[in-house]
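Build the full structure now, drawing on both the sequences and the hints.
Here my numbering is used: the first residue of the sequence shown is 344, the next is one more, and so on.
Check the hints yourself; a few may be wrong.
16 Å max Cα-Cα, derived EDC-like pairs, lysine to aspartate or glutamate [unchecked claim]:
(1) K402 to D413
(2) K450 to D426
(3) K435 to D413
(4) K435 to D409
Computed spacing ranges between beta-carbons, pair by pair [to be verified]:
(5) P403 to D426: 26 to 32 Å
(6) T443 to T354: 29 to 35 Å
(7) L359 to T404: 22 to 28 Å
(8) P403 to G376: 26 to 32 Å
(9) D426 to G376: 17 to 23 Å
(10) G385 to L442: 23 to 29 Å
(11) H430 to M344: 17 to 23 Å
(12) P403 to H381: 33 to 39 Å
The hints are simulated quantities; they were obtained by calculation from the structure and are not laboratory data. Because the structure is a prediction, the values reported are computed rather than measured. Glycine residues also receive a C-beta, built at the ideal position from the N, C-alpha and C atoms.
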Amino acid sequence: MLATTEYPATTPNPALPALLIVHGLYGSARNWGVIARHLADGRDVLAVDQRNHGQSPRKPTQSYADMAGDLARVIEAQGAPMDVLGHSMGGKAAMLLALTRPDLVRK
Numbered sequence: 344m345l346a347t348t349e350y351p352a353t354t355p356n357p358a359l360p361a362l363l364i365v366h367g368l369y370g371s372a373r374n375w376g377v378i379a380r381h382l383a384d385g386r387d388v389l390a391v392d393q394r395n396h397g398q399s400p401r402k403p404t405q406s407y408a409d410m411a412g413d414l415a416r417v418i419e420a421q422g423a424p425m426d427v428l429g430h431s432m433g434g435k436a437a438m439l440l441a442l443t444r445p446d447l448v449r450k
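Here you go:
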């Protein structure tokens with residue numbers, strides 16, 4: 344499972360699903376700390392370290408299909424579809440996730 348950093352909603356709004364943030368190449372969840380705290384006004388925010396980055400496990404492969412599968416497992420563990428925001432490599436992994444697992448991505 345990918346390493347995650349959680350930013351609980353400061354003022355929960357039940358109408359807003361949790362937000363998953365996915366960093367780019369050579370990044371980590373820490374890159375999003377300041378922005379994630381601001382986005383946590385109204386919703387829970389979860390930032391991930393993608394495979395072979397930050398505190399996440401090292402794996403022998405790093406395909407976009409692998410990364411999208413990792414993101415799917417994170418969302419499944421949360422128990423509900425999420426909004427997903429990705430930057431660069433994380434954006435491409437997020438798009439593949441939305442294409443292959445639309446049941447897990449709200450927008």
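Against the structure, the hints:
Among the hinted pairs, K402 with D413 is consistent with the structure: their alpha-carbon atoms are about 11 Å apart, no more than 16 Å. Taking the CA atoms of K450 and D426, the gap is about 5 Å. The hint holds against a cut of 16 Å. Taking the CA atoms of K435 and D413, the gap is near 13 Å; set against the 16 Å cutoff, the hint holds. Of the supplied pair hints, the one linking K435 and D409 holds, its CA atoms being roughly 12 Å apart against a limit of 16 Å.
Between P403 and D426 the beta carbon distance is about 31 Å. The supplied range of 26 to 32 Å therefore holds. T443 and T354 have their C-beta atoms about 33 Å apart, which keeps the hinted 29 to 35 Å range intact. Between L359 and T404 the Cβ separation comes to about 34 Å, which falls outside the hinted range of 22 to 28 Å. The hint said 26 to 32 Å for the Cβ distance between P403 and G376, and at roughly 29 Å that hint holds.
A hinted range of 17 to 23 Å for the beta carbons of D426 and G376 is consistent with their spacing of about 18 Å. A beta carbon spacing of about 27 Å between G385 and L442 agrees with the range 23 to 29 Å that was offered as a hint. Restraint check, H430 to M344: a C-beta distance of roughly 21 Å satisfies the suggested window 17 to 23 Å. Here the CB-CB span from P403 to H381 is close to 36 Å, well matched to the stated 33 to 39 Å.
In this structure, only the earlier hint numbered 7 is contradicted, and the remaining ones agree with it.
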